[in-house]
Amino acid sequence: MTFPVVDTNVLLQLAPMLVLLLAGLVFMMAGAFTRRAGAFQRSFVIVFHIVVLVYVIKLWSVEASPILNGMLIVDRFSLFFTALVTLCALGTVLTSAHYLDRFGMNRGEFFSMLFFSTMGMVVLVSALDLISVFLGIELMSLAIYILVAFRRRDFLSNEAALKYFLIGAFAIGFFLYGVSLIYGVTGSTNFGDIAAAVAEKGLARNPLFLLAIALILAGLGFKVSSVPFHMWTPDVYQGAPTPITSFMATAVKAASFAAFVRLFYMCFMTSKDQWVAIIWVLAVVTMTVGNVVALVQRNIKRMMAYSSIAHAGYILIGIAALSVDNNNAASGIMFYVVVYAFMTLGAFALISAIEKKGITRGLEEPDYSGLGLERPFLGFCMAAFMFSLAGIPPTAGFFAKYYVFSAAVNEGLVGLVIIAVLNSALSLYYYLRVVVAMYMQRRDVPVPVDADLGIRIVLLISLLAVLWLGFGPSGVVPGVEDVLEWTRTSLAKVNGLGM
Amino acid sequence: MVTIHHYMTLSAILFFIGVFGVLYRRNLIVIFMSIELMLNAVNLSFVTFARYTQSMDGHVVAFFVMALAAAEAAVGLAILVMIFRNRATVQADDLRLMRD
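So the sequence lines, in the order shown, correspond to chains A and B.
The working numbering numbers the first residue of the first sequence as 1 and each following residue consecutively.
The working numbering numbers the first residue of the second sequence as 1001 and each following residue consecutively.
One chain only, chain A, in its complex shape (with noise of 0.2 Å):
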């Protein structure tokens, strides 16, 4: 008797994935045994997720091919945001030392949750079909639900995650309506197979197969947080334990955002006349919608959640500017993902660091009142991440806008890019309004901040990066260039595997 050969090659391509999945279980076996995750647990974290960012260098120079029967490629698209989601995830690890201990939530399993999320994340962003690409996002989903849960006896986080879940569930059901019609059109769910039988039926303009893109549209659309799906954003931002907010607004979108290119470029680039439009709406719906409402929004989360909002706009005029021809807009997006990672990333370590219990929570603008000349480092972060997110140009942020604008100009949606930068202005007052509090308002008690070493950790090194990825030189670090160079020799596979 035979046994199945299971091939060591597929296997080291799993690996990723698997040693997440590995620290899953430990860490859930962990917070059986043990009441509250130590420094030793959390050590343990970190170990798991190098291990990952290892294994990830390790394939950057294996020859990708579909492995699992065509059910997921580990090519380098695909590892340049696993690495991206995994560093998500380091940076939430260490943002929420302190603060899972102030608000009781210390416990193996909140590690567990993030692990088995960042698994789906790796899925979804190596998804060749869309079977995988629905389940990735549902692991991805289902941990998040409890994360956003977990502390349980507090009101808000119960209700974001009802919010959070019931949207997300009724999402997920338009997603595979959508999934459902293209397998009946196309007789399968395979992403090469669909974009060849797309290419020898003629389906390109087939009223089914559009019905099936505007559905698996708004099924993503809902993850990325686009108008007019939005609506779950500002509550579930608000809600959810803060570094869990910095995660679904790094890691998540991310993700998402991958397998929104990846599916769009191999599959429905032939019928890219018809959802041009409706890709064009939604991006000026939601970068104005973002942009007006944060305006007037006082909780800081709230505010970044709009923020959000507007960026994944910002980042749509990237999908609406996808071209066969050149990757220049596929890559901007993978920049501006990078960038908007490490620039909220960092704004959110310090929000959690003023989080404290109380009626405004340490979340409003009196809350950062003469933050900027107490503790100037803090200060002079928060700064930087709000300049960028604003895109002022000697920062990461502006590079970022400029990449995917300019791709856009270049496929004429020249009207697009002047609403973009339009919209652009008017986003710096609210983020200029947290600057001003820092620096130009005085109160008479200091602002109580909590800033562990983990958070200084998170805060130095995303602030290193905004300013990097903003002038600096290609050269020992990793600058623009050769994060762009990265994103062009990520997508060279991507393009052959479509077209």
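Worth flagging that the hints you see were computed from the coordinates, not collected in a lab.
Heads up, some of the hints might be wrong.
[What the hints assert, rightly or not] Computed footprint of chain A on chain B, listed as stretches where at least three residues anywhere in the stretch have a Cβ under 8 Å from a Cβ of chain A:
(1) 1022-1034
(2) 1039-1048
(3) 1061-1075
(4) 1079-1092
None of the values given here were measured: they were computed from a predicted structure.
Idealized CB from N, CA, C, for every residue including glycine.
Dock chain B against chain A, hints included.
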């Protein structure tokens, strides 16, 4: 004779009953049931197409969807139980602490 169109129409009708249930009912448990109805409509559509195209993929997907729906039900009901313990309500209108 029952054709693919009948199955697809039924699936679409079930799906939209689910969508309207989510949008217009205020009891969280009913909203939750409506979502399950949407997923089952999707399953019907997958199985129909699988029979129609004579391939097994659609059948397999239906099982994946069922398994995930069960996992989702576990998490969702846990969240509902938690809310009921803290607030003693399962009405969507009572959960409005966060507003602009």
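Hints versus structure:
1. For the segment 1022-1034 of chain B, the assignment as covered by chain A holds, since 4 residues bring a beta-carbon within under 8 Å of that chain's beta-carbons and 3 suffice.
2. For a cut-off of 8 Å, the count of residues in the segment 1039-1048 of chain B with a CB near a CB of chain A stands at 6, and the three-residue condition holds.
3. Here's how the segment 1061-1075 of chain B fares: 7 of its residues keep a CB closer than 8 Å to some CB of chain A, so the rule of at least three is met and the hint holds.
4. Under the rule that three or more residues need a Cβ within less than 8 Å of chain A, the assignment of the segment 1079-1092 of chain B holds, with 6 such residues.
When the structure is compared with the earlier hints, no violation turns up for any of them.
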